[in-house]
Amino acid sequence: MKIQIQKNEFNSYLNIVEKALPIRSTIPAINNILLQSDNKKLTLTATNLELAIKVTIPFEGEAGAILLPSKIVDIVRYLPETDASLDLNWETFRINIESGPSNFLLNGSDPADYPLIEEISLPEGAFKIKTSTLKQVLREVVFVASTEESRPAFNGVLFEFKENGITLTASDTYRLVIREITGYSFSFEKQRYLIPAKSLRELMKVLDEDAEYVSIFPDREQLVFYFNNIHFMTRVLNEKYPDVRGVIPKQYQTRIKVERKPLEETISRATLLAEGINQVIQLEIADQLIKVKVSSQLGSMEETLPTAQEGDPLAIYVNSRFILDILKVVEEKELFIDLHGKEGPIIFRIPDDENFLYLVLPIKMG
Amino acid sequence: MTQSRRTIFLADMQSFYASVEIARNPSLRGKPLVVCGDPALRHGIVLAASPEAKAYGIKSGQPAWECRRLCPWTVFVRPHMQTYIDYSLRITRIFEQFTDRVAPYSIDEQFLDLTGCEKIFGPPREIAAAMIKRVWEETGVRCRIGHGENPLQAKMACDRFAKHSKAGYFELNHDNYSVYTKDLPIGDLFGVGHRMERNFHRMGVRTIGHLAGLPRETLVRRWGVNGELLWLNAHGIDYSTVPPAVGSAAVQKGVGQSLTLPRDYAALKEIEVVLLEMTEEVCYRARALGRRGTIVNVYCRGADFDHPSGFSRQKKLPEATAFATDVYPFVCRLFRRHWDGKPVRTLGVALTGLVDCREQQLSFFSRQEKKNALNRAMDVVRQRYGKTGLFRAASLTPGAQLFPRATRIGGHEA
Numbered sequence: 001m002k003i004q005i006q007k008n009e010f011n012s013y014l015n016i017v018e019k020a021l022p023i024r025s026t027i028p029a030i031n032n033i034l035l036q037s038d039n040k041k042l043t044l045t046a047t048n049l050e051l052a053i054k055v056t057i058p059f060e061g062e063a064g065a066i067l068l069p070s071k072i073v074d075i076v077r078y079l080p081e082t083d084a085s086l087d088l089n090w091e092t093f094r095i096n097i098e099s100g101p102s103n104f105l106l107n108g109s110d111p112a113d114y115p116l117i118e119e120i121s122l123p124e125g126a127f128k129i130k131t132s133t134l135k136q137v138l139r140e141v142v143f144v145a146s147t148e149e150s151r152p153a154f155n156g157v158l159f160e161f162k163e164n165g166i167t168l169t170a171s172d173t174y175r176l177v178i179r180e181i182t183g184y185s186f187s188f189e190k191q192r193y194l195i196p197a198k199s200l201r202e203l204m205k206v207l208d209e210d211a212e213y214v215s216i217f218p219d220r221e222q223l224v225f226y227f228n229n230i231h232f233m234t235r236v237l238n239e240k241y242p243d244v245r246g247v248i249p250k251q252y253q254t255r256i257k258v259e260r261k262p263l264e265e266t267i268s269r270a271t272l273l274a275e276g277i278n279q280v281i282q283l284e285i286a287d288q289l290i291k292v293k294v295s296s297q298l299g300s301m302e303e304t305l306p307t308a309q310e311g312d313p314l315a316i317y318v319n320s321r322f323i324l325d326i327l328k329v330v331e332e333k334e335l336f337i338d339l340h341g342k343e344g345p346i347i348f349r350i351p352d353d354e355n356f357l358y359l360v361l362p363i364k365m366g
Numbered sequence: 001m002t003q004s005r006r007t008i009f010l011a012d013m014q015s016f017y018a019s020v021e022i023a024r025n026p027s028l029r030g031k032p033l034v035v036c037g038d039p040a041l042r043h044g045i046v047l048a049a050s051p052e053a054k055a056y057g058i059k060s061g062q063p064a065w066e067c068r069r070l071c072p073w074t075v076f077v078r079p080h081m082q083t084y085i086d087y088s089l090r091i092t093r094i095f096e097q098f099t100d101r102v103a104p105y106s107i108d109e110q111f112l113d114l115t116g117c118e119k120i121f122g123p124p125r126e127i128a129a130a131m132i133k134r135v136w137e138e139t140g141v142r143c144r145i146g147h148g149e150n151p152l153q154a155k156m157a158c159d160r161f162a163k164h165s166k167a168g169y170f171e172l173n174h175d176n177y178s179v180y181t182k183d184l185p186i187g188d189l190f191g192v193g194h195r196m197e198r199n200f201h202r203m204g205v206r207t208i209g210h211l212a213g214l215p216r217e218t219l220v221r222r223w224g225v226n227g228e229l230l231w232l233n234a235h236g237i238d239y240s241t242v243p244p245a246v247g248s249a250a251v252q253k254g255v256g257q258s259l260t261l262p263r264d265y266a267a268l269k270e271i272e273v274v275l276l277e278m279t280e281e282v283c284y285r286a287r288a289l290g291r292r293g294t295i296v297n298v299y300c301r302g303a304d305f306d307h308p309s310g311f312s313r314q315k316k317l318p319e320a321t322a323f324a325t326d327v328y329p330f331v332c333r334l335f336r337r338h339w340d341g342k343p344v345r346t347l348g349v350a351l352t353g354l355v356d357c358r359e360q361q362l363s364f365f366s367r368q369e370k371k372n373a374l375n376r377a378m379d380v381v382r383q384r385y386g387k388t389g390l391f392r393a394a395s396l397t398p399g400a401q402l403f404p405r406a407t408r409i410g411g412h413e414a
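Note that the protein sequences, when read in sequence, are chains A and B.
Under this note's numbering, the residue at position 294 of the first sequence is numbered 294, and the numbers go up by one with no gaps.
Under this note's numbering, the residue at position 125 of the second sequence is numbered 125, and the numbers go up by one with no gaps.
Read the hints as simulated data drawn from the structure, not as lab findings.
Warning: the hint list may mix true and false statements.
Unchecked claim - Pairs of lysine to any residue residues, derived as SDA-like cross-links and limited to a Cα-Cα distance of at most 20 Å, are as follows: (1) A/293 x B/358; (2) A/342 x B/365; (3) B/253 x A/276; (4) A/364 x B/367; (5) A/240 x B/363; (6) B/370 x A/365; (7) B/370 x A/366.
To be verified - What the simulated footprint calls covered on chain A by chain B, stretch by stretch (three residues with Cβ under 8 Å from a Cβ of chain B suffice, anywhere in the stretch; the number is not a length): (8) 171-180; (9) 268-282.
Computed from a prediction, not measured in an experiment: that's the story for all the values here.
Where a beta carbon is used, it is the ideal one built from N, C-alpha and C, also for glycine.
The whole structure should be built from the sequences, with the hints applied where relevant.
If you want it as structure tokens, here you go:
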């Protein structure tokens with residue numbers, strides 16, 4: 001079967017499915033991209049068994065299937081001309097790619113070895129969210145999840161589907177982020193799904209604002225994100241997520257209101273002298289001022305910023321990276337920081353937004 | 001870059017353990033003496049030999065039976081490690097009367113910075129003679145002193161010249177360094193081991209002078225920083241000052257222990273008991289330094305000499321710790337993954353990537369606070385009643401090494 005392709009368009013599909021290719025796998029078949037045709041449409045699928053991405057392209061041609069070697073991604077990217085033809089042989093699994101003066105002959109393989117990925121159609125009552133909103137909340141949450149493999153539950157982001165929205169939770173045992181989004185209606189079972197942060201990092205890369213909305217729905221043991229004819233299917237982690245809300249104190253001892261950008265810049269400067277894995281800086285809050293201090297073997301620095309302070313004065317040690325992370329992902333001009341004594345958590349809140357919370361535990365100096 | 005002229009000494013004690021034994025028992029003087037552990041327990045290797053014994057070809061590291069073959073009337077003495085430490089410290093005290101900048105480099109070598117002391121004690125040659133005399137009179141140990149303008153020159157002066165001179169003193173400086181060292185074999189250069197010596201021979205470099213004659217870039221290209229360092233050594237250039245004392249927390253990046261088992265262990269259960277004991281010890285020492293480790297390393301060497309086997313593997317810990325209960329699971333995991341199942345002769349555990357203990361990143365679930373209190377209590381008991389004052393029940397099972405080793409220092413008799 002011969003297909004006429006536009007280099008840039010076909011390349012963009014391949015770039016999306018490529019995100020699900022395994023880095024290296026002991027199952028040879030999944031190192032390939034599955035191409036299927038059923039008279040009405042063409043689909044491209046890749047999976048690393050944790051994440052599967054399927055792109056559907058409207059197309060009329062004969063039915064068949066073939067495994068394309070992952071090299072095809074680069075081959076299409078570097079084709080000399082914008083027009084190309086792809087000639088697929090369903091029996092011999094040979095692929096012939098022609099573009100201008102260039103002619104590739106590739107050996108594909110038998111799709112029979114490929115894991116079965118069920119046909120999923122968009123159900124009624126899926127959770128429908130604006131792409132830009134989903135992108136921002138993922139940005140606020142995913143970075144907190146741990147990449148350390150000793151506590152698998154914390155490698156995930158918890159999606160809790162509730163009456164009229166979702167609560168997203170992530171933690172790495174040193175910090176915690178909770179983001180709620182409300183005002184949505186959907187009709188599947190209100191349940192908790194623990195989604196690998198690794199999958200969500202890939203999702204953030206492929207979410208395209210050309211699609212105004214993303215539909216989210218569960219399907220068997222996975223959660224599906226559907227947009228622009230793309231099925232992004234991620235496995236659900238089978239781990240119990242510990243109850244982390246217990247660490248949030250009811251009442252703060254100190255509250256300060258800070259301007260985000262100046263604080264970010266001050267802490268960035270302080271970090272230049274922070275050392276070791278803990279990147280310790282000290283925050284001293286007193287007399288409507290916040291003083292950022294560092295002292296390490298490299299030297300020391302301090303810088304003072306005005307703040308609106310409520311409650312007790314306090315001096316506290318903290319990992320500067322944990323603070324910079326949050327100051328970089330939120331977009332608000334001002335933030336509240338609630339403090340709870342020297343060894344209590346530091347909580348970042350957005351004014352007039354009850355639905356967000358970022359909590360960091362401090363460093364104890366012995 | 002020109003270096004200011006400094007006066008650096010390296011003082012080396014001749015056949016240190018053997019000399020101390022002779023000082024304790026003068027009737028041994030003049031006899032071929034060997035300090036050596038109990039052959040039955042495989043510690044029967046030569047730790048030190050007196051000059052008389054060395055004359056028969058006896059060298060450190062040889063098995064005891066070989067000494068007997070070389071010289072049947074060798075006198076064997078069991079080691080007394082605590083005494084050697086005491087003597088070493090006494091010698092340090094003597095040097096400290098000349099300068100406050102004394103840095104022990106090993107049990108029988110110390111670096112001294114005497115820059116400026118000439119004004120008080122006279123020329124370096126006389127200071128060295130006074131030091132040699134006092135050490136001899138007060139401890140009965142013969143000491144040799146290498147003098148240089150940096151630690152490297154002092155070390156080279158001592159190892160290559162002072163040790164073979166009657167006065168026990170030799171001076172190298174920027175002016176005479178190349179004259180004296182250029183014809184020495186390349187293996188005599190500080191920093192060149194067997195492997196590097198072979199590499200140099202393959203390049204046609206046989207003397208220190210040959211190496212000094214090569215362009216610096218050639219060395220950098222082949223061996224990077226290390227190559228450049230050797231090139232500098234060949235020229236007598238060393239930018240370091242008297243190194244800070246070994247064992248100080250400022251330089252220590254890791255704590256480790258390795259141990260040659262009294263017999264070959266083949267049972268995983270027995271091996272894991274020893275690994276647990278070593279993990280305890282290593283964590284205890286890290287805590288004593290006020291530090292925690294972020295990386296654990298496990299070392300293993302197989303019993304079969306003809307077919308060397310074994311491994312040294314490390315793993316990053318999820319968080320910095322100095323608690324055996326945190327570290328031990330990773331030790332076992334590393335060992336089980338890499339062990340080939342063959343009998344084991346030597347085992348080692350090390351905790352590296354040390355970070356300051358005083359900084360503790362609080363976490364939602366860790367029981368660091370509780371563990372800290374528990375371990376502090378355990379440390380107090382052990383400091384007062386010794387390592388056998390409080391121990392794990394596993395140390396009572398077959399294969400455990402805690403009790404056999406509790407009365408030893410560095411694996412040798414105290």
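Quiz prompt | Pair hint residue 364 of chain A and residue 367 of chain B, alpha-carbon separation not exceeding 20 Å | solution = holds, 14 Å
Quiz item: Would the pair residue 370 of chain B and residue 365 of chain A pass a check requiring their Cα atoms to be no farther apart than 20 Å?
Solution: holds, 16 Å
Quiz prompt | Annotated coverage of the stretch 268-282 of chain A by chain B, confirmed only when three residues or more have a Cβ within 8 Å | solution = holds (count 4)
Exercise. Assess, step by step, whether the Cα of residue 342 of chain A is no farther than 20 Å from the Cα of residue 365 of chain B, and give holds or violated.
Key: holds, 18 Å
Exercise. Mind checking the alpha carbons of residue 240 of chain A and residue 363 of chain B for me, to see if they're no more than 20 Å apart?
Key: Since the Cα atoms of residue 240 of chain A and residue 363 of chain B sit roughly 18 Å apart, the hinted pair holds (cutoff 20 Å).
Self-check item: Verdict on chain B covering the stretch 171-180 of chain A, where coverage means 3 or more residues with a C-beta closer than 8 Å
Solution: This one holds; 4 residues, not fewer than the three required, reach chain B with a Cβ under 8 Å.
Self-check item: Restraint check for residue 370 of chain B with residue 366 of chain A, where alpha carbons must lie at most 20 Å apart
Solution: Holds, at roughly 14 Å.
Quiz item: Has the given pair, residue 293 of chain A with residue 358 of chain B, been kept, meaning a C-alpha gap of at most 20 Å?
Solution: holds, 18 Å
Quiz item: Taking only the CA atoms, is the gap from residue 253 of chain B to residue 276 of chain A under or equal to 20 Å?
Solution: holds, 13 Å
Going through the hint list in order, the structure satisfies each hint without exception.
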